[in-house]
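Based on the sequences and whatever the hints tell you, model everything.
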Amino acid sequence: MLDQQQVPTAPGLSEEDVRRIVRAELEREPATRSAAIIASKGTLDWAYPPLILATTAAASGMDASVFFTFYGLNIIHKDFERLLKVSPLGNPAMPMPVPMPNAVLGLPGMGPMATAMMKSKFRGKHVAEIRELLESARDLDVRLIACQMTMDVFGYEASDFLDGVEFAGAAAFLAAARQAHVTLFV
Amino acid sequence: MSQTQIETAAELDARGLLCPMPVVKTAKAMKELAPGEVLKLIATDRGSIADIPAWASTTGNELLEHYEEDGAFVFFLRKSGEV
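As you go down the protein sequences, you meet chains P and F in turn. 1 is the number of the first residue of the first sequence in our numbering; add one for each residue after it. 1 is the number of the first residue of the second sequence in our numbering; add one for each residue after it.
Treat the hints as calculated values from the structure; they're not laboratory data. The C-beta atom is built at its ideal place from N, Cα and C for all residues, glycine as well. Certain hints may be false.
[As the list claims (entries may be wrong)] Only part of the chain P face toward chain F is listed, based on derived beta-carbon distances under 7 angstroms: (1) R23; (2) A59; (3) V127; (4) A128.
[Stated by the list, open to error] Here are the simulated BS3-like pairs of lysine-lysine, each with C-alpha atoms no more than 30 angstroms apart in a straight line: (5) K121(P) - K85(P); (6) K25(F) - K78(P); (7) K28(F) - K78(P); (8) K119(P) - K78(P); (9) K41(P) - K25(F); (10) K28(F) - K125(P); (11) K121(P) - K41(P); (12) K25(F) - K85(P); (13) K25(F) - K121(P); (14) K125(P) - K31(F); (15) K78(P) - K121(P); (16) K28(F) - K41(P).
[Unchecked claim] The following label-pair restraints were derived from C-beta to C-beta distances: (17) P108(P) - G47(F): 34 to 42 angstroms; (18) M113(P) - Y67(F): 42 to 50 angstroms; (19) A93(P) - L64(F): 36 to 44 angstroms; (20) T32(P) - P35(F): 15 to 23 angstroms; (21) K28(F) - G106(P): 39 to 47 angstroms; (22) L162(P) - P35(F): 33 to 41 angstroms.
Below you can see the structure in the form of C-alpha cells.
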C-alpha cells in the first residue's frame with residue numbers, strides 16, 4: 001500500500017513538490033478522477049467489493065459509477081436484504097466451523113444457515129451492512145446503473161429497483177469507462 | 001506520540017468501524033471544514049494505517065501527523081485549500 005511517508009523523492013524534491021506535481025497531473029488528466037465498476041455477482045459476499053470500492057472512490061473525490069448486470073442486479077433490487085445470500089455448496093474457500101463434505105452442505109437449510117452465519121460474523125466485526133454501503137453510495141453521488149438487457153431477461157421492472165437507480169446498456173458503460181482510469185469487473 | 005499540539009476544528013471517532021467506513025466518514029467530516037482546518041481522526045481499523053495516507057494523497061489533503069495510542073490510530077488531516 002502507498003504510504004505517503006515512504007514516497008521516494010528525487011534529490012532536491014520536497015514532499016510539497018511531489019504533491020504539487022501529483023495535483024498538476026490530476027488536473028491534466030481528468031480520467032484519474034473517475035472509476036467505472038461492473039458488478040456481475042448477486043451473492044452477499046460479492047456484493048461487498050463493488051460497493052466498497054465505489055464508495056471509497058467517491059469519498060476520495062472521484063466520480064464513481066457501478067454498472068449492475070446479470071446477478072449483480074440483486075444488489076440494487078428493493079428486496080436486496082432477502083435476495084443477497086451465500087451458499088457454502090461448491091465453495092471450498094468458505095470458512096466453516098467444522099469441515100463438511102458437499103453432500104452435507106447440499107442439505108436443506110445449509111444455505112440460510114451460511115447466510116445467517118456470514119451476516120452475524122460481519123456484524124460482530126462491525127463491517128458495514130450492504131444497506132449502509134448503499135446509503136453511503138447515495139450520499140456520495142455514486143451512480144448506480146442497472147443493465148436494461150438483463151432486467152428484461154429476468155423480467156424486472158424499473159420500479160423493482162432502489163430510488164435513484166439509472167438504466168442503461170453496454171454503450172453507456174463503455175462511454176463512462178472510456179473516461180475512467182479505474183475500470184473493474186467484479 | 002505527538003510532539004506538538006495541533007489545533008483541531010473537529011474530531012471523528014471511527015473506532016470499531018472497518019473498511020470502507022473510516023474513509024467514507026472522514027471524507028464527509030472533511031467536507032464540513034474550511035480550507036486549512038484540521039480534523040482529528042481516531043480509528044481502530046488496522047487498514048486505516050495505509051488507507052488514510054492513501055486517501056490524503058488522492059484528495060490533496062495533508063496528513064500532518066499520525067501515531068498509535070491505546071490501541072487506536074490517530075490521524076491529523078488538514079483540509080487543502082483547493083477542495
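Okay, the hints, checked on the actual structure:
no.: 1; hint: R23; in the structure: 6 angstroms, holds
no.: 2; hint: A59; in the structure: 4 angstroms, holds
no.: 3; hint: V127; in the structure: 5 angstroms, holds
no.: 4; hint: A128; in the structure: 5 angstroms, holds
no.: 5; hint: K121(P) - K85(P); in the structure: 14 angstroms, holds
no.: 6; hint: K25(F) - K78(P); in the structure: 25 angstroms, holds
no.: 7; hint: K28(F) - K78(P); in the structure: 26 angstroms, holds
no.: 8; hint: K119(P) - K78(P); in the structure: 19 angstroms, holds
no.: 9; hint: K41(P) - K25(F); in the structure: 27 angstroms, holds
no.: 10; hint: K28(F) - K125(P); in the structure: 23 angstroms, holds
no.: 11; hint: K121(P) - K41(P); in the structure: 21 angstroms, holds
no.: 12; hint: K25(F) - K85(P); in the structure: 27 angstroms, holds
no.: 13; hint: K25(F) - K121(P); in the structure: 22 angstroms, holds
no.: 14; hint: K125(P) - K31(F); in the structure: 28 angstroms, holds
no.: 15; hint: K78(P) - K121(P); in the structure: 24 angstroms, holds
no.: 16; hint: K28(F) - K41(P); in the structure: 29 angstroms, holds
no.: 17; hint: P108(P) - G47(F): 34 to 42 angstroms; in the structure: 38 angstroms, holds
no.: 18; hint: M113(P) - Y67(F): 42 to 50 angstroms; in the structure: 43 angstroms, holds
no.: 19; hint: A93(P) - L64(F): 36 to 44 angstroms; in the structure: 41 angstroms, holds
no.: 20; hint: T32(P) - P35(F): 15 to 23 angstroms; in the structure: 22 angstroms, holds
no.: 21; hint: K28(F) - G106(P): 39 to 47 angstroms; in the structure: 44 angstroms, holds
no.: 22; hint: L162(P) - P35(F): 33 to 41 angstroms; in the structure: 35 angstroms, holds
Going through the hint list in order, the structure satisfies each hint without exception.
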